[in-house]
Amino acid sequence: MENSLTQPKYLFPTFLADKKVFNLAEAYWRRMITAIAEEAGVPSHSYINHFDSKGRKEYDANPIFDAFFPSLYKAVRIIQEEPEAGAPDIAAWMDSIDLFEGKTPVPELVIALALSKETAADARELARQWIVERHSAAEMQQLISRRYR
Amino acid sequence: MPPKAHRGRFQAQGDGLEESESWSQDEPLTKSNALELLGKLKGKLKPADVEKRKKSFEKAKRMIEDAEGGIDAVKKRSFYDDRKRRDIRVDVEILGGKAFVTIIIIIILLAAWKIL
Numbered sequence: 007m008e009n010s011l012t013q014p015k016y017l018f019p020t021f022l023a024d025k026k027v028f029n030l031a032e033a034y035w036r037r038m039i040t041a042i043a044e045e046a047g048v049p050s051h052s053y054i055n056h057f058d059s060k061g062r063k064e065y066d067a068n069p070i071f072d073a074f075f076p077s078l079y080k081a082v083r084i085i086q087e088e089p090e091a092g093a094p095d096i097a098a099w100m101d102s103i104d105l106f107e108g109k110t111p112v113p114e115l116v117i118a119l120a121l122s123k124e125t126a127a128d129a130r131e132l133a134r135q136w137i138v139e140r141h142s143a144a145e146m147q148q149l150i151s152r153r154y155r
Numbered sequence: 028m029p030p031k032a033h034r035g036r037f038q039a040q041g042d043g044l045e046e047s048e049s050w051s052q053d054e055p056l057t058k059s060n061a062l063e064l065l066g067k068l069k070g071k072l073k074p075a076d077v078e079k080r081k082k083s084f085e086k087a088k089r090m091i092e093d094a095e096g097g098i099d100a101v102k103k104r105s106f107y108d109d110r111k112r113r114d115i116r117v118d119v120e121i122l123g124g125k126a127f128v129t130i131i132i133i134i135i136l137l138a139a140w141k142i143l
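Residue numbers (my numbering), protein chains in the order written: chain R, 7 to 155; chain F, 28 to 143.
Only chain R is shown next, with the shape it has when bound in the complex:
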C-alpha cells in the first residue's frame, strides 16, 4: 500500500531527461493555466518561442510554459527545475517583458519551481490571484514577499 513515504514527492521527475515526460509536464501546465483563463473568462496564448531556428522543440523548461492574456495585458511564465537539496522548491517574482515596441511592457508573473503537488497548488494559487482575482503587479509582489521571503 502506498503512503506518504513511498509516494514520490515530485511530479514528472525525469522531465529533463525524457522528452515524453517533458511533454506530459508541459501539458499539465497547459491544463492548469487554461483552466485559470477559463475561470477568469479571458483568452490567452503563448508569447515565447519554444523552438530553435531549425524548428526543433527545445526541452530546457526555461520556461516550460508561458501565457499572455491580451485583455488583461498580463503574462505568466513558468520555469520548471529539478529539485535541489537545500533550495526552496518554489520561488516567484514579478517582472515585465517589452513584447510590443513603443508600448508599456507587459507585467509578468514568473514562477520557478520543482514540481510537486504542494508547489503546483502554490503556483495555481499565485496564477489565480494574478489572472482571476486580477491583483496588480504591486499587490502580487507584496503577496509573493509575504509568502516566499
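Please note that the accuracy of each hint is not assured.
Covered stretches of chain F, as calculated for chain R (at least 3 residues, CB under 8 Å) [stated by the list, open to error]:
1. 30-41
2. 66-80
3. 97-104
4. 109-115
Some, not all, of what chain R presents toward chain F, calculated at C-beta under 8 Å [to be verified]:
5. Lys-15
6. Tyr-16
7. Leu-17
8. Tyr-53
9. Ile-54
10. Asn-55
11. Asp-58
12. Ser-59
13. Pro-76
14. Glu-90
15. Leu-105
16. Glu-107
17. Gly-108
18. Lys-109
19. Pro-113
Straight-line distance between alpha carbons at most 20 Å, and here's what the computed EDC-like set of lysine to aspartate or glutamate pairs gives [said to hold, decoys possible]:
20. F/Lys-86 - F/Glu-48
21. F/Lys-71 - F/Glu-45
22. F/Lys-86 - R/Glu-88
23. F/Lys-73 - F/Glu-95
24. R/Lys-63 - F/Glu-92
25. F/Lys-81 - F/Asp-109
26. F/Lys-111 - R/Glu-90
27. R/Lys-60 - F/Glu-92
28. F/Lys-141 - F/Glu-48
29. R/Lys-123 - R/Asp-101
30. F/Lys-82 - R/Glu-88
31. F/Lys-82 - R/Glu-90
32. R/Lys-63 - F/Glu-95
33. F/Lys-86 - R/Asp-58
Simulated from the structure, these hints should not be mistaken for lab results.
Glycine residues also receive a C-beta, built at the ideal position from the N, C-alpha and C atoms.
Assemble chain F onto chain R, guided by the hints.
Okay, now just chain F, sitting in the frame of chain R:
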C-alpha cells in the same frame, strides 16, 4: 523613427541591482556583438555583483555561443547562480526578429532578401 526589426535585452537584476544592455537594429544581432554587449553589462556591475552572477553570466554566454543559426523572438530565459536566491539573476530577452547569428547567416539573410 520606424521600429527596428531586431531587438532585445540583457538584464542583471536582484539584490538592489537593475542594469541592462539593449539592442534595437535593422540586422540580427551577431554572436560577437551579443558577447560584447553582455561584457558591457558585466562591466557596469561592481565586482561583487558580477561574482554573485558568475554562473548566470556563463549560462547567458553559453546560450549565445550555442545558438545554431540564431534564435528567433520571442525568447526569454532567466539564469541564476543559486536557487536559494533566484532574485539575483541575469535575464536574456530576444524581443523582436533574430539574434545570436554568425556573420555568414547575416550574409545569407541579406542575399535572400535581395533575391526576394
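Here's how the hints hold up against the structure:
Judged by the Cβ-Cβ criterion of 8 Å, the region 30-41 of chain F is covered by chain R as claimed, because 4 of its residues qualify and three suffice. Note: the region 66-80 of chain F has 0 residues with beta-carbon separation from chain R under 8 Å; the three-residue rule is not met and the coverage is violated. Only when three residues or more bring their CB closer than 8 Å to a CB of chain R does the claim for the region 97-104 of chain F stand; here the count is 8, and the claim holds. Given as covered by chain R, the region 109-115 of chain F passes the check, having 5 residues with a CB less than 8 Å from a CB of that chain where 3 are the minimum.
Interface hint at R/Lys-15: violated, since its Cβ lies 16 Å from the closest Cβ of chain F, which is beyond the 8 Å cut-off. With a cut of 8 Å, the hint placing R/Tyr-16 at the interface with chain F is violated, because the nearest CB-to-CB distance is about 15 Å. Violation of the interface hint for R/Leu-17 is found here, the shortest Cβ-Cβ separation to chain F being roughly 18 Å, above the 8 Å cut-off. At about 6 Å, the closest approach between the beta carbon of R/Tyr-53 and any beta carbon in chain F falls short of 8 Å, and the interface hint on this residue holds.
At its closest, the beta carbon of R/Ile-54 sits 6 Å from a beta carbon of chain F; the interface hint therefore holds under the 8 Å criterion. The closest approach between the C-beta of R/Asn-55 and any C-beta of chain F is roughly 5 Å, which is under the 8 Å cut-off, so the hint is satisfied. Contact between R/Asp-58 and chain F, as hinted, is supported at the beta carbon level, the nearest pair being about 7 Å apart and thus within 8 Å. With its C-beta approaching chain F no nearer than about 4 Å, R/Ser-59 sits inside the 8 Å limit, and its interface hint holds.
About 14 Å separates the beta-carbon of R/Pro-76 from the nearest beta-carbon of chain F, more than 8 Å, and the hint is not met. With its C-beta approaching chain F no nearer than about 5 Å, R/Glu-90 sits inside the 8 Å limit, and its interface hint holds. Annotation: R/Leu-105 was flagged as interfacial toward chain F, and the flag holds, the nearest CB pair being 7 Å apart, inside 8 Å. Below 8 Å, beta-carbon pairs count as interface contacts, and R/Glu-107 has one with chain F at about 5 Å; its hint therefore holds.
About 7 Å separates the beta-carbon of R/Gly-108 from the nearest beta-carbon of chain F, less than 8 Å, and the hint is met. The beta carbon of R/Lys-109 comes no nearer than 11 Å to any beta carbon in chain F, farther than 8 Å, and the hint placing it at the interface is violated. Because the closest C-beta pair between R/Pro-113 and chain F is about 14 Å apart, greater than 8 Å, the hint is violated. Between F/Lys-86 and F/Glu-48 the CA atoms are separated by roughly 17 Å; this keeps the pair inside 20 Å, and the hint holds.
Taking the CA atoms of F/Lys-71 and F/Glu-45, the gap is near 10 Å; set against the 20 Å cutoff, the hint holds. Under the criterion of a C-alpha separation no larger than 20 Å, the hint pairing F/Lys-86 with R/Glu-88 is consistent with the structure, at around 17 Å. For the hint linking F/Lys-73 to F/Glu-95, the alpha-carbon distance of about 32 Å lies beyond 20 Å, and the restraint is violated. Between R/Lys-63 and F/Glu-92 the alpha-carbon distance is near 18 Å, which keeps this suggested pair within the 20 Å criterion.
Taking the CA atoms of F/Lys-81 and F/Asp-109, the gap is about 10 Å. The hint holds against a cut of 20 Å. Between F/Lys-111 and R/Glu-90 the alpha-carbon distance is near 10 Å, which keeps this suggested pair within the 20 Å criterion. A C-alpha spacing of about 16 Å is found between R/Lys-60 and F/Glu-92, which places the hinted pair at or below 20 Å, so the restraint holds. Distance hint between F/Lys-141 and F/Glu-48 is unfulfilled; the C-alpha atoms sit about 31 Å from each other, more than 20 Å.
Among the hinted pairs, R/Lys-123 with R/Asp-101 is inconsistent with the structure: their alpha-carbon atoms are about 25 Å apart, more than 20 Å. Simply put, F/Lys-82 and R/Glu-88 have alpha-carbon atoms about 17 Å apart, close enough for the 20 Å limit, and the pair holds. Our distance criterion of 20 Å between C-alpha atoms is met by F/Lys-82 and R/Glu-90, whose separation comes to about 16 Å. Pair hint R/Lys-63 plus F/Glu-95 holds up; C-alpha atoms about 13 Å apart against a cutoff of 20 Å.
Of the pairs offered as hints, the one joining F/Lys-86 and R/Asp-58 holds, with about 17 Å between alpha carbons and a cut-off of 20 Å not exceeded.
Checked against the numbered hints given earlier, this structure breaks hints 2, 5, 6, 7, 13, 18, 19, 23, 28, 29; the rest are met.
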